[in-house]
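Protein chains in written order, with my numbering: chain A, 80 to 698; chain B, 80 to 698.
Some clues are possibly wrong.
It does not matter which identical chain is meant; a pair holds if it fits inside one copy or across any two.
[What the hints assert, rightly or not] Pairs of lysine-lysine residues, derived as DSBU-like cross-links and limited to a Cα-Cα distance of at most 30 Å, are as follows:
(1) 334 with 423
(2) 586 with 358
(3) 358 with 384
(4) 545 with 334
(5) 389 with 423
(6) 423 with 384
(7) 358 with 423
In case anyone wonders, no lab produced these hints; they're calculated from the structure.
Protein chains: 2
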Amino acid sequence: MNDHELWRELGQQLRVDSVRSSSAAGSGHPTSSMSAADLMAVLMAEHLRYDFDRPDDPRNDHLIFSKGHASPLLYAMYRAAGAISDDEMLTFRDFGSRLEGHPTPVLPWVDVATGSLGQGLPISVGVAYAGRYLDRLGYRVWCLTGDSEMAEGSMWEAFEAAGHHGLDNLTAIVDVNRLGQTGETMHGWDLDAYARRIGAFGWHTIEIDGHDVTAVDSALSEAASTEGRPTAILARTEKGHGVAAVANVNGAHGKPVPDEEAAIAELGGRRDLRIAVAKPTGDERPHDFPTAGELSLPAYETGGKEATRKAYGDALVALGNARADVVAIDGEVGNSTHSEEFAKAHPDRFVQAYIAEQMLVSYAVGFQVRGWRPFAATFAAFLARAYDFVRMAAVSRANLILAGSHAGVSIGEDGPSQMALEDLAAFRAVHGSTVLYPSDPNQTAALMGEAVDRDGIIFIRTTREKTPVLYAPDEAFPIGGSRVVRGTDADQVTLVGAGITLHEALKAAEALAEEGIAARVIDLYSLKPIDADTLLAAGRETGAIITVEDHFPEGGLGDAVLDVFAEERDAPPIRKLAVRIMPGSGTPAEQLAAAGIDSAHIAAAARELAGTRTAAATT
Amino acid sequence: MNDHELWRELGQQLRVDSVRSSSAAGSGHPTSSMSAADLMAVLMAEHLRYDFDRPDDPRNDHLIFSKGHASPLLYAMYRAAGAISDDEMLTFRDFGSRLEGHPTPVLPWVDVATGSLGQGLPISVGVAYAGRYLDRLGYRVWCLTGDSEMAEGSMWEAFEAAGHHGLDNLTAIVDVNRLGQTGETMHGWDLDAYARRIGAFGWHTIEIDGHDVTAVDSALSEAASTEGRPTAILARTEKGHGVAAVANVNGAHGKPVPDEEAAIAELGGRRDLRIAVAKPTGDERPHDFPTAGELSLPAYETGGKEATRKAYGDALVALGNARADVVAIDGEVGNSTHSEEFAKAHPDRFVQAYIAEQMLVSYAVGFQVRGWRPFAATFAAFLARAYDFVRMAAVSRANLILAGSHAGVSIGEDGPSQMALEDLAAFRAVHGSTVLYPSDPNQTAALMGEAVDRDGIIFIRTTREKTPVLYAPDEAFPIGGSRVVRGTDADQVTLVGAGITLHEALKAAEALAEEGIAARVIDLYSLKPIDADTLLAAGRETGAIITVEDHFPEGGLGDAVLDVFAEERDAPPIRKLAVRIMPGSGTPAEQLAAAGIDSAHIAAAARELAGTRTAAATT
């Protein structure tokens with residue numbers, strides 16, 4: 080069998096196996112797999128450099144299925160590579176199987192979860208950027224994309240970023256099979272339409288018949304040898320190619336072929352080709368950035384004032400000094416988030432994502448694929464733009480830190496478009512997430528030191544305004560902890576705040592003290608995980624709790640506290656102070672007052688609840 | 080003064096006023112306003128058709144500042160048009176002023192809030208689509224965009240959609256002032272780079288000097304007379320133009336000019352030009368789609384089975400039959416969400432957004448600007464892609480319905496990428512939102528009948544699986560209500576579910592009844608607003624509550640219930656059953672069991688809590 084025959088046979092095997100696994104599962108996307116089978120056959124037989132026995136080899140190429148629903152094809156490739164058995168392939172979509180409906184890193188050869196379209200390519204750009212500018216290794220990134228997902232704006236953020244950085248180590252293989260889930264795509268088989276667009280973004284484009292294995296091989300070679308810009312291979316293919324009942328037929332998306340045996344026969348029957356995928360060669364090792372000794376976090380003098388967002392930037396520089404793996408990305412607001420401090424100190428490890436938040440998070444996801452430790456920052460409000468990417472990053476078991484500045488109404492005059500008021504709810508709901516909301520610059524630095532080694536999606540919410548420095552530089556603030564900033568055994572009410580509202584709570588406690596009301600104040604800097612013990616004790620000991628948050632009432636700090644007391648009998652009354660209006664413009668102080676979360680409102684609520692408890696206790 | 084002199088003078092006046100208002104405020108974006116002043120001067124003097132006394136005139140043009148931070152320019156235009164006084168202009172960014180830091184519809188001439196970049200153009204596409212295909216009126220949509228925001232993928236979703244629909248009533252005026260917040264944009268003054276990209280998406284492009292008023296006038300005329308495709312005017316401008324201290328100077332973003340008086344003098348001093356903006360002419364009226372009589376919602380036979388997503392589609396058809404203002408949009412999954420029923424019944428009022436969820440929501444926002452009643456659907460998981468648009472839609476005081484299908488682990492084999500498990504948290508946190516999660520097809524239809532007349536952002540979560548029909552077709556389900564599906568005075572525990580988990584709760588209650596444990600079951604189909612009275616009564620009467628949700632534990636149904644009891648003394652223990660694992664593939668039943676939210680887990684929790692209460696009561 081010559082190469083061309085092998086490629087054709089392998090393509091048919093991948094089709095047969097896609098039919099078999101999806102028929103065994105009773106669901107899945109065989110037709111979306113069959114269109115791309117020849118593309119992937121030639122890729123794995125000739126161009127991919129990957130050691131399936133050593134998926135962590137830094138020299139490995141990366142293959143990312145942006146069209147994650149073509150998972151039957153990916154798993155068929157794994158079988159052909161000898162990475163999984165035929166039996167395991169047929170566990171596709173079974174409960175407990177590693178072969179999920181859409182690929183996830185439960186499989187060691189999958190870098191990131193896909194299945195929410197338009198994410199694989201942006202993340203591929205992140206990996207390719209890491210290859211070129213961080214690892215400085217010769218690996219290539221091959222990204223199989225669908226044509227339907229070209230409608231996603233995130234794809235164009237990715238095309239723009241890759242073109243801008245000249246990532247010639249990246250190839251997008253676009254499977255133009257014409258048909259989406261419900262009908263024809265916007266451009267059908269008009270390859271030129273895609274080439275014009277992608278070419279305009281600075282990519283080299285190649286148009287081919289995606290079932291002509293010779294053309295596929297040439298295109299992949301051309302992509303690999305193109306210098307200075309990424310390549311997109313626009314492959315005209317047929318959805319369901321090879322099986323007349325489903326080939327180029329609308330309505331055959333996302334379901335097994337109607338007659339498995341007939342389809343396999345039409346494809347020439349089962350095959351058991353094994354492909355020895357080429358392994359990476361050479362003794363390249365990832366680049367190691369120079370560091371400057373032990374971690375020395377910034378220190379702020381107690382009694383002074385500083386914004387936690389500034390402490391974020393300063394701590395990031397310190398982490399970058401001490402650790403070669405720390406990388407920062409910003410959404411073109413680095414002088415607001417204070418990423419710019421890092422950009423100045425470590426320009427080689429800073430990436431400007433411009434105003435493209437989906438790409439911002441995708442860089443982070445891509446970098447952590449290769450073991451880098453990314454910190455991505457923008458206004459917390461604008462992280463909402465990338466919420467689907469964050470959700471999927473959790474499915475990817477990604478480890479990354481997202482910093483959102485300018486939280487809440489306390490930003491002042493800019494108004495609601497710039498105010499994060501839903502972010503705590505959104506990030507708390509992400510699986511396995513950590514949600515931090517520091518109240519003080521030294522605490523911010525300490526938490527950055529903790530976050531850098533923690534797994535999962537970590538969100539750090541920072542404040543625009545300068546706030547008093549409460550804590551000494553050497554104090555410890557473990558994630559999952561809290562701090563009783565003020566309190567005695569005689570407290571009649573507990574005030575729980577974080578960030579800007581902690582300072583309002585402290586002012587309220589002072590005012591209350593003058594009236595003879597003793598208020599405990601808890602700094603709940605870690606919302607998830609949460610320090611249940613301290614809160615439960617405060618509930619028992621003070622009999623009433625007031626939570627205060629610069630956030631809408633749902634899903635934020637208040638709800639996190641309520642959750643702690645959910646199953647308690649004799650739980651104290653808990654009043655949630657939160658932003659219940661749509662804010663406009665105004666000074667930070669006017670905004671806090673209008674939203675009912677300033678010290679005066681806190682004190683008023685405390686008077687009411689502390690009073691009630693005393694009354695109840697005396698009756 | 081001839082036209083050209085007037086335009087130039089008006090441009091200077093808009094600059095002077097941008098300087099004055101931002102200096103008065105002590106913050107704001109004068110330099111981003113000054114770059115676009117000549118563009119807007121010529122537009123308002125010659126091309127805009129708008130009656131400031133009748134902002135609701137359907138024949139009015141629409142002017143949308145996608146670069147919302149140029150609000151000083153917009154407000155200066157309002158002053159020049161005589162819509163606001165000089166005094167009011169100087170209230171810019173004051174607490175309580177209509178002139179917020181970024182424009183919002185608190186002002187009658189503002190269609191939508193902007194300030195999160197990359198949103199104004201997609202929404203402009205929605206308005207232009209409405210003009211062409213729904214209203215069928217001759218109004219034009221003028222959208223002022225920045226150059227920095229070209230990095231946002233949502234802009235390219237918009238370019239693609241407008242090009243696809245040939246919206247020649249839309250003009251994007253791109254203010255290419257080269258400088259972003261922290262530095263130069265990716266393309267600087269390379270107008271060709273923008274023209275290549277936008278042109279590739281099917282737009283007509285014109286490149287001009289944005290300070291040459293003659294060129295601006297010609298370009299606007301050419302845009303208005305271009306047929307068959309939208310036009311983008313790429314205007315090379317200078318940020319801070321006219322004031323040497325800030326003109327084309329990096330670091331002058333987002334702050335008042337350093338010396339107000341000097342700047343005004345340099346610009347030639349204050350002016351008081353009044354422009355009589357041309358009003359729309361003619362007696363065109365919006366198109367009226369034919370309807371077919373009274374609303375007749377679909378009916379499903381009790382005892383049968385049907386999926387709530389199917390009921391969504393059926394009810395949508397019925398609403399479309401009865402009401403001419405109902406419009407539907409789908410993200411290329413209409414056979415999953417069941418928007419396709421509407422597409423077939425009312426093709427002229429259906430829009431295919433393809434897989435571009437930001438554009439999906441933008442169509443809805445744009446349509447409601449013109450009084451249409453949009454229902455936009457995709458998988459609930461993928462609405463996360465548009466979360467920033469939803470957040471901003473709330474700032475826009477938009478009225479629209481978002482339907483998210485395929486909620487939770489119960490979708491089965493497709494795996495976590497397709498499962499909405501954070502959506503309830505995300506949507507509950509949106510200001511003024513309504514969150515519905517129907518458990519039954521007749522209830523779904525009834526809620527659709529309620530939702531169609533309700534203000535704000537309404538989210539309807541539907542279920543993939545067919546579930547038993549519990550309710551008769553004529554039953555009322557008010558928003559903000561709940562339903563006690565099962566219960567007596569002797570209940571020992573309350574089970575609260577919605578959607579798929581209500582059915583699991585009912586199965587659990589049956590099993591418990593056989594063991595002699597009486598469980599009340601509440602269908603909490605309206606999560607926000609919530610029926611506090613029914614829940615409080617259940618807490619008092621049964622002494623223990625178990626919430627069950629096909630959603631991660633934070634911010635969803637359980638937290639909504641906790642909030643009801645927050646301030647209660649003697650609140651019952653509340654146990655939240657929710658998805659606490661990262662799911663994989665498996666059947667719906669396997670998924671519900673693995674997540675601990677199936678009937679067996681509910682019954683187990685009920686035995687524990689009901690038992691404890693009895694024990695506590697007897698001691």
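Now for the hints, and whether the structure bears them out:
Taking CA atoms no more than 30 Å apart as the test, residue 334 paired with residue 423 passes between copies only; the shortest distance there is 23 Å, against 52 Å inside one copy. With identical chains, the CA atoms of residue 586 and residue 358 are never at most 30 Å apart, being 64 Å at best within one copy and 55 Å at best between copies. In this assembly of identical chains, the alpha carbons of residue 358 and residue 384 never lie at most 30 Å apart, being 56 Å within a copy and 54 Å across copies at closest. For a Cα distance limit of 30 Å, the shortest separation of residue 545 from residue 334 across copies, 18 Å, qualifies, whereas the shortest one inside one copy, 57 Å, does not.
When the C-alpha separation of residue 389 and residue 423 is checked against a cutoff of 30 Å, the pair qualifies only within one copy, where the shortest distance is 14 Å, while the shortest distance between copies is 55 Å. Only within a single protomer do residue 423 and residue 384 lie at most 30 Å apart by alpha-carbon distance; the minimum there is 23 Å, versus 62 Å between protomers. In this assembly of identical chains, residue 358 and residue 423 lie within 30 Å of each other by CA distance neither inside one copy nor across copies; the values are 39 Å within and 53 Å between.
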